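*Asks:* Sequence:
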Amino acid sequence: MASRSHRHRAARQARDGAPRRRVPLRLLLPLLVLVALAAMLMLRGYVHSEILADHRIQKPAPTTEVPKKILEGGPVIDARAGATQSLSVPDHRLVLTFDDGPDPEWTPKVLDVLKKHDAHAVFFVTGTMASRYPDLVKRMVDEGHEIGLHTFNHPDLALQSTKRIDWELSQNQLAITGAAGIRTSLFRPPYSSFSAAMDNESWPVTEYIGSRGYLTVVNNTDSEDWKRPGVAEIIRRATPHGGKGAIVLMHDSGGDRSQTVAALDTFLPDLKAKGYEFDNLTEALDAPSAHSPVTGAELWKGKAWIFLVQASEKITDVLVVGLAIIGTLVIGRFVLMLLLSGAHARRVRRKSFRWGPPVGEPVTVLVPAYNEAKCIENTVRSLMASDHPIEVLVIDDGSTDGTARIVEAMGLPNVRVIRQLNAGKPAALNRGLANARYDIVVMMDGDTVFEPSTVRELVQPFGDPRVGAVAGNAKVGNKDSLIGAWQHIEYVMGFNLDRRMYDILGCMPTIPGAVGAFRRSALEPFGGMSDDTLAEDTDVTMALHRAGWRVVYAENARAWTEAPETVQQLWSQRYRWSYGTMQAIWKHRRAVIEKGPSGRFGRVGLPFVSLFMVVAPLLAPLIDVFLLYGIVFGPTQKTIVAWLGVLAIQAVCAAYAFRLDRERMTHLISLPLQQILYRQLMYVVLLQSWITALTGGRLRWQKLRRTGGVSAPPDGVDGIPTQRSNAFDGRPVG
18 MASRSHRHRA ARQARDGAPR RRVPLRLLLP LLVLVALAAM LMLRGYVHSE
68 ILADHRIQKP APTTEVPKKI LEGGPVIDAR AGATQSLSVP DHRLVLTFDD
118 GPDPEWTPKV LDVLKKHDAH AVFFVTGTMA SRYPDLVKRM VDEGHEIGLH
168 TFNHPDLALQ STKRIDWELS QNQLAITGAA GIRTSLFRPP YSSFSAAMDN
218 ESWPVTEYIG SRGYLTVVNN TDSEDWKRPG VAEIIRRATP HGGKGAIVLM
268 HDSGGDRSQT VAALDTFLPD LKAKGYEFDN LTEALDAPSA HSPVTGAELW
318 KGKAWIFLVQ ASEKITDVLV VGLAIIGTLV IGRFVLMLLL SGAHARRVRR
368 KSFRWGPPVG EPVTVLVPAY NEAKCIENTV RSLMASDHPI EVLVIDDGST
418 DGTARIVEAM GLPNVRVIRQ LNAGKPAALN RGLANARYDI VVMMDGDTVF
468 EPSTVRELVQ PFGDPRVGAV AGNAKVGNKD SLIGAWQHIE YVMGFNLDRR
518 MYDILGCMPT IPGAVGAFRR SALEPFGGMS DDTLAEDTDV TMALHRAGWR
568 VVYAENARAW TEAPETVQQL WSQRYRWSYG TMQAIWKHRR AVIEKGPSGR
618 FGRVGLPFVS LFMVVAPLLA PLIDVFLLYG IVFGPTQKTI VAWLGVLAIQ
668 AVCAAYAFRL DRERMTHLIS LPLQQILYRQ LMYVVLLQSW ITALTGGRLR
718 WQKLRRTGGV SAPPDGVDGI PTQRSNAFDG RPVG
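Residue numbers for the sequence shown follow my numbering, beginning at 18 and rising by one.
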């Protein structure tokens, strides 16, 4: 059966051509998230009139094509069913109309005054505002008021095509349907005035609107409340003369409407005392209601629209909060790094500074190696040049490429090879710890080379009996490529500057696997290196803090490591790091509530690690998302200035870090590109790590293919390693 199934698959592939390539979930899911966020931002821009809005206003035109009965008639124009008639409101009946709402601040106050004086009105709402504040539209209907269309984005329809007019009407209706479950037959054009102001440009629009089944409503009296002329003046302009009926134009949105609300509270009782009634338009005209209920698919379509708009508002609010958080974290971290790293450098560079008595006794160097044939000789030879007495243990973790044979063939003194079946890096390190002759143990990766002084510099802090572990200065050896240069910036600016800061704060989260040293006696109580997480170096460092040991940084203990040379390799490495860091944080979470050294680390170290190593990188792409949004939809200039300001802060911080590490500044040329592209990659990696953690997935160890491009640094070249070219196919090893 298996053979037959295989033949069927082979035949199908032969028929269809090459097998289909599926997009990996790690790419697909973050991509879907980004597309969804972009769609939400676009929707928000649309309902806030930042997209597709047209603020042009038609200049006055002749009136020769407008029927005389319209120019001299009432404020209600009925052009439905091919007929044209003008309607007026009967005497002593007033129809209050409010444009441009609903507004979350002023519309409730207007509704309260109307309810207080038992008056009805017509609210000509825009689709943008109705979509954002649907509860207010529903309240209007529930309290007996009428709703009218005022377009979706408030453009001058005289300048629009019939297609755009239909769109404005349908979207406006969609918002009202979703908010209140009704349709309305009332319409007021934006920028409209009295019927006498109808001209050759606006009249064809009115006719077209009528053909779509709407009554066009303009006004008799204009309060001009938008000018804020004062309460008394608003009342004077809104009041008709001689007991005439009228449609009164007011606004419940578009600015400060406090004068409108105050004027209403006086206007309503005063005119009621003079015999006026305040009705809906259809009540005043003794006509059927302008509202008709909507059911079925159209109703659900409207509700779906309101749901999406509300979701876009809430998601955008969350994104804005996230942007504020990441901005605070970025600036706060940079300020802390600049201040504390400077303090660290001044402290350890004083001529009088000593960790304690000089450490001169021999130490054991552990080199866990799995398929490091291209690198291991460089690594071991660099250790043989050490100016500190050492023994070297190369723990071959089941290599299949002859790594152990290469070391044995070198025949070097004080170098031992320990072979074991493949069990992972923590097991290899523990095997080395069990065979180490000395209490101080240096750990390094099989693709790393040390300078002659590295071991000596690394172990000097153990002169302080409180020190349980020391982090060295890991550097990128293969930094000539663009991706290597980006990692070089990250190592110098992010990792090493961070370690100076964490040293001062007493909460160093990670001893780098490439260059670190431990007291074996400090590791023994909790069994050495644990395989509970994929970041055994972070895990053990946190455990040491909780046990009360100091963990410090030795800036002169430089090690040159081979960084990933392809995006795929970098992805695999950072995925393991980020997921392992999350595992370590979760494993040591109880430190937050404990007392003593463990509690101090839990309440200081864990929050810093969580914020700066997990939350900040995950939120960092928001800077670029809002950059793009601001460039496209505005305010463009302010957005670019703000982004350049953040980049300038990063550049200052990076330059300071390079100066502290005595690195050439030329590599910072690629910093802007790194901040744009590299950040997105780290975001996707972190998002994938979150997904793996939340779904309970298990990530296996990711072995990277090495080129052996970092060789032992020559004497007298300031510790800068030479590099050699090797054939390399770029594929990661699973």
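A few of these clues could be false.
[Said to hold, decoys possible] In silico EDC-like cross-links for lysine to aspartate or glutamate, where the CA-CA straight-line distance does not exceed 20 angstroms: (1) K391 <-> E122; (2) K132 <-> D95; (3) K85 <-> D216; (4) K331 <-> E582; (5) K126 <-> D95; (6) K655 <-> E67.
[To be verified] Listed next, with one range per pair, are the computed distances between beta-carbon atoms: (7) V658 <-> A100: 53 to 59 angstroms; (8) V621 <-> R371: 41 to 47 angstroms; (9) R676 <-> V621: 26 to 32 angstroms; (10) Q437 <-> I648: 34 to 40 angstroms; (11) L661 <-> R483: 25 to 31 angstroms.
None of these hints come from the bench; they were simulated from the model. Note that this is a predicted model, so its numbers are computed, not measured. Quick reminder that beta carbons are idealized off the backbone N, C-alpha and C, glycines included.
*Asks:* Any hints from earlier that this structure breaks? Give me their numbers in increasing order, please.
*Replies:* Violated hints: 1, 2, 4, 5, 8, 10, 11; rest satisfied.
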